[in-house]
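One letter stands for each residue in the lines below.
Protein chains: 2
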Amino acid sequence: MAKPMTPVPFTDVTLDDVFWRPRIDTNRNVTLEINYKHNKSTGRLAQFTWKKGDHHEPHIFWDSDVAKWMEAVAYSLTTHPDKSWEKRLDAVIDDLEAMQQKDGYLNTHFILVEPGERWRNIKGEHELYCAGHLIEAAVAYFYATGKRKFLDIMCRYADCIDKTFGPKKGQKRGYPGHQELELALVKLYHATDEKRYLDLATFFVNERGKRPNGKHYYDVEAKARGGACDRDHAYCQAHVPLREQTEVVGHAVRAMYLYAGAADVAAETNDTGLLKALDRLWDNLVNKRMHVTGGIGPTSQNEGFTFDYDMPDETAYLETCAAIGLVFWAHRLTQFHRDRKYSDVMELALYNGMLAGVSLSGDRFFYENPTASFLRMRGIQHGESEFYRYERSAWFGCACCPTNVVRIMASLSGYQYSVDRNAVYTHLYAAGKATVNVAGQQVAITQSTKYPWKETINFTVRPQRDAEFTLALRIPGWCRKATCEVNGKRVKLDAITKKGYAHIKRTWSKGDKVKLVLDMPVERIEAHPSARQPAGMVALKRGPVLYCLEQTDNFEGLHDLRLPADAKLSAKWEPDLLGGVVTLNGKAKKRKGDQWKRTKTDGKLFSQDRSKLESVPIKAVPYYAWCNRDLGEMRTWLLES
Amino acid sequence: MAKPMTPVPFTDVTLDDVFWRPRIDTNRNVTLEINYKHNKSTGRLAQFTWKKGDHHEPHIFWDSDVAKWMEAVAYSLTTHPDKSWEKRLDAVIDDLEAMQQKDGYLNTHFILVEPGERWRNIKGEHELYCAGHLIEAAVAYFYATGKRKFLDIMCRYADCIDKTFGPKKGQKRGYPGHQELELALVKLYHATDEKRYLDLATFFVNERGKRPNGKHYYDVEAKARGGACDRDHAYCQAHVPLREQTEVVGHAVRAMYLYAGAADVAAETNDTGLLKALDRLWDNLVNKRMHVTGGIGPTSQNEGFTFDYDMPDETAYLETCAAIGLVFWAHRLTQFHRDRKYSDVMELALYNGMLAGVSLSGDRFFYENPTASFLRMRGIQHGESEFYRYERSAWFGCACCPTNVVRIMASLSGYQYSVDRNAVYTHLYAAGKATVNVAGQQVAITQSTKYPWKETINFTVRPQRDAEFTLALRIPGWCRKATCEVNGKRVKLDAITKKGYAHIKRTWSKGDKVKLVLDMPVERIEAHPSARQPAGMVALKRGPVLYCLEQTDNFEGLHDLRLPADAKLSAKWEPDLLGGVVTLNGKAKKRKGDQWKRTKTDGKLFSQDRSKLESVPIKAVPYYAWCNRDLGEMRTWLLES
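Taken in order, these protein sequences are the chains called A and W. Letter 330 of the first sequence, counting from 1, is numbered 330 in my numbering, and no numbers are missing. Letter 459 of the second sequence, counting from 1, is numbered 1459 in my numbering, and no numbers are missing.
Note that these hints are calculated values from the structure, not bench results. Careful, some of the hints might be misleading.
Lysine-lysine pairs mimicking DSS-like chemistry, simulated, CA-CA at most 27 Å apart [to be verified]:
id	chain 1	residue 1	chain 2	residue 2
1	W	Lys1587	A	Lys589
2	A	Lys587	W	Lys1589
3	W	Lys1568	A	Lys612
4	W	Lys1587	A	Lys587
5	W	Lys1612	A	Lys568
6	W	Lys1489	A	Lys612
Beta-carbon label-pair distances, calculated as ranges [unchecked claim]:
id	chain 1	residue 1	chain 2	residue 2	range
7	W	Met1377	A	Met1	50 to 60 Å
8	W	Asp1094	A	Cys398	54 to 64 Å
9	A	His56	W	Ala1228	46 to 56 Å
10	A	His56	W	Gly1226	49 to 59 Å
11	A	Asp230	W	Lys1037	51 to 61 Å
12	W	Met1377	A	Thr79	40 to 50 Å
13	W	Thr1483	A	Asp609	15 to 25 Å
14	A	His56	W	Lys1215	30 to 40 Å
15	A	Asp609	W	Phe1555	42 to 52 Å
16	W	Asp1103	A	Gly226	45 to 55 Å
17	A	Asp339	W	Phe1396	24 to 34 Å
18	A	Asp609	W	Arg1225	33 to 43 Å
19	A	Ala228	W	Ala1394	52 to 62 Å
Idealized CB from N, CA, C, for every residue including glycine.
Same shape as in the complex, but just chain A (with noise of 0.2 Å):
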């Protein structure tokens, strides 16, 4: 196995684009303020001082709302320094210390509402889920303020669960019900080199649904804490052992996380049957099981995955979460194979399933992200029937996805680049600045474009002294037609693209200019003809930015829209429209509706008579900027006729 490629750390690339630079500062001046805000008012911050009797009982999963909030700060101080913020998390540190127990465990629930309990279903009860957030919190902290503190009382809890768990006689044969602690052991052992935290994932990730002894380890702390086991194993993906699995199942979030952390540890100890695992479940997601948006799990029933090319509009769950997840699996994989089958998605849901997860102000959240949005049913009240349209949230009693939201997009930068022994990769096209370190010297890579809305991306290379290496390039799956120079040469990039990037070795000299076109033309996507929801529809995409119809921009009635095979979309860049977009343009049908009209005593639900069609101008605009205007209908998927 080849040594992964390591990606340039967020902190080394400043983001300074059309696209998300704004979305970024929007993160920082308001999302982070609103998780600060909505974890204050809902006691999450208080929780480490509550005692018995005082309101806002701390919940098992609280623990994970302030450590993200927490992680997403501590990024956020690294490029905006600010001593207010700072001082927020010093005192949530003080308080952590102060609650953390001799032997180190540190839980809030189990510390002060249920004391003595912990441990007795981690399957179910999120201890070491909450350790894993709090975990990547302090390394954040440490990274970003030099400070040891919060650092210090994560590894004396990883101790605590080092001991806890683990092969040797005494220890619990265990792993975590929500999959988090995986990868943030890997984190940790990254900050503090010590290789016990490796060891303790690497327990996690190959212990995970073996039955030593012909026990399940989540049967036999139920059976000991006289219950039965709340959910089948697969819910959690602790069925069979991680590398005997070929589908993806259960919760989706779970799944992607235990996927991110299990290839943290397959890179960190050359592990290739791990590795190969992953890569039979990444088929099975992106080749059966992924939307188009690249939101994954289709079912609020287990907030995860059905079934090969189930892919329900209105009812989609698809959590942010999980887009978020799915873009940390692609990440790692992206850094083993080189190939942007993994980049590609992680492109995919970053602009698409995880984006539309967050209001264009920063302080409205989808938990769900649906492909289609109508009038939705809450029930019969007073006799009449209720409705609702689905729309973004201040928060939520399960407050995962905002929290998750503002870490990434406090930290997104840090997904554009990698460096390999010789080469720098270029993932995500964002105008902005790079410090790579390659060809044993830091090399400034700035990229100047308006993508995605324009087709352009112009590279100004520049290192501090001439040096061979190699920049590649990705070249989109979704591009039919790319085009490259170097200083102005044609550059032939079929000879020169291996798994979907452009490798331009050359020797570099300051001020070297690369030019890249990708065309983006306005494109139909059919889903697999096994997909039966989307059946005889098609969604419109350019670039990596898929589309949707909205209410607000076309009428009421959205499902009755049929888009003509050869109606032309053309795009235009709508500078006053969702802070700046392009939108989609041109023509559709739908039916006459005065053929329907009825009279006082004749009705007609139901027509032999075919229906007239009447043109209809249509516009569509991003997916991930639905809802944040009026209320009303949304539609990805369109009748084609």
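Take the given structure of chain A and dock chain W to it, following the hints.
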């Protein structure tokens, strides 16, 4: 208000046709026995002598399951006397008599399981519902055998209810939580001439949804038992008085039984206000909330109605009992209005939504009748998604549907004719013979036809002596062209057709012939443009019969089938298929699979390259007959291209 027509009772009409007769025979020979067998094996028949500690504790609705089977037996005895069946019923009647309380009260659950708890929750606990079904059975048995015992038992119970409920001081101002007793009381009134029963039915209908002294009865009774009312009152159409209601809401079967009972009350009390409310609700139902099968109530959430134009396919609930209830209501409004607007729906629900509820073999049943069926997910077990195909069941824990099917099938010929002052109305076409009381004499009318498979219906009218009266023939709304001859002479239908009935008024002599030809081309049906799920699709119909495609005749992946707008579909009589049906045959298109084939390393779940279509032969079978062969996909709404 004109006096409603009088239906010709099923005892005076014998069906001997190609369509219904085999089903009616199967109903008597198989379904009746199956009902007995399951009522027995589940403890329902032994419940009347149940003691604490015995198995099979009598459930609150078990009386109704037994009652409906008894009612069906009674209908069967009328046409096919059978001492052994009579004996079985008499045994139950003896049990009922033995159990009946001194004051007449008669409910197994509340006598044996929860004595002293009667009437505590008439909203939720089905006491009055069970009473209604027992009364219907008793009336039917009395008509069938002339034996009064069961009728007397039920009169004593009705008297008990009549004493308990009413507007007088000391009486409860309640009404059935599951409607049914209303229409049963009108039947009991007809059988006994005891006007108190009609008055009680009238009270129930009128009291429903009122708030005397500002208090709703269901809240009053909930408070009295120390609980809260468990569902919104609209669930059982008690949110406001019926005459103020404008939308069909809540539980669909409850709604239909209420409307049928209210129609009976309106007819007996000459209540035009009530009829007006029913007409308004009818229009809401058939113009906005009925499915193409005549099924109603699309969601399992409330086993009932959602909102206008909501027409899910795979998940559509459309309970068999609700279609039967719609037949009851449509039949009653037909008597009032002499308008095919109602009898068309009756025919639709009978041939499709109701009839799908029982297998051709008569021993398997649908509770839900979706309009499409694909793989369903049961959950995830052992890490693999578990699928199932929806199919009929041998029985249900809640057995309302099989016990409803068996009683309507046993009395089906009662829906064919009505008598007006000097006219005979024919609502349904099916070969057979009727004896009709019109023009002061018994007139024999025979139909000779292969309807619904063939277009021609030949009538022979045989008065005992020449007499002038009208034969009114329904010209179905689905029929674009009808022609009619009387004794070989063409009649101009346009001139004599009122509200969809052709009124042939003449002096009839013995042996007069009428030939009616109803054109039955294959029709493509569209749903209203506001119905989002079937947009872009058509359903296939021929005459009153709705069609569907089944996997077994076609291919897996029916969702991808597109019916070209110009594709010809031809009707073919297939005597050996599904008991003899007309199938629809033609060519459609579907996507070529090979373009989507995946290689080992590259998958294709979405494609911006457009698929090619290939031509495939298709065969459609009647919807009512689906799921009688190999389990597989089914689809009624088909994409049109």
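* Against the earlier hints, flag every one the structure doesn't satisfy and list their numbers going up. => Of the numbered hints, 4, 6, 7, 9, 10, 11, 15, 17, 18 and 19 do not hold.
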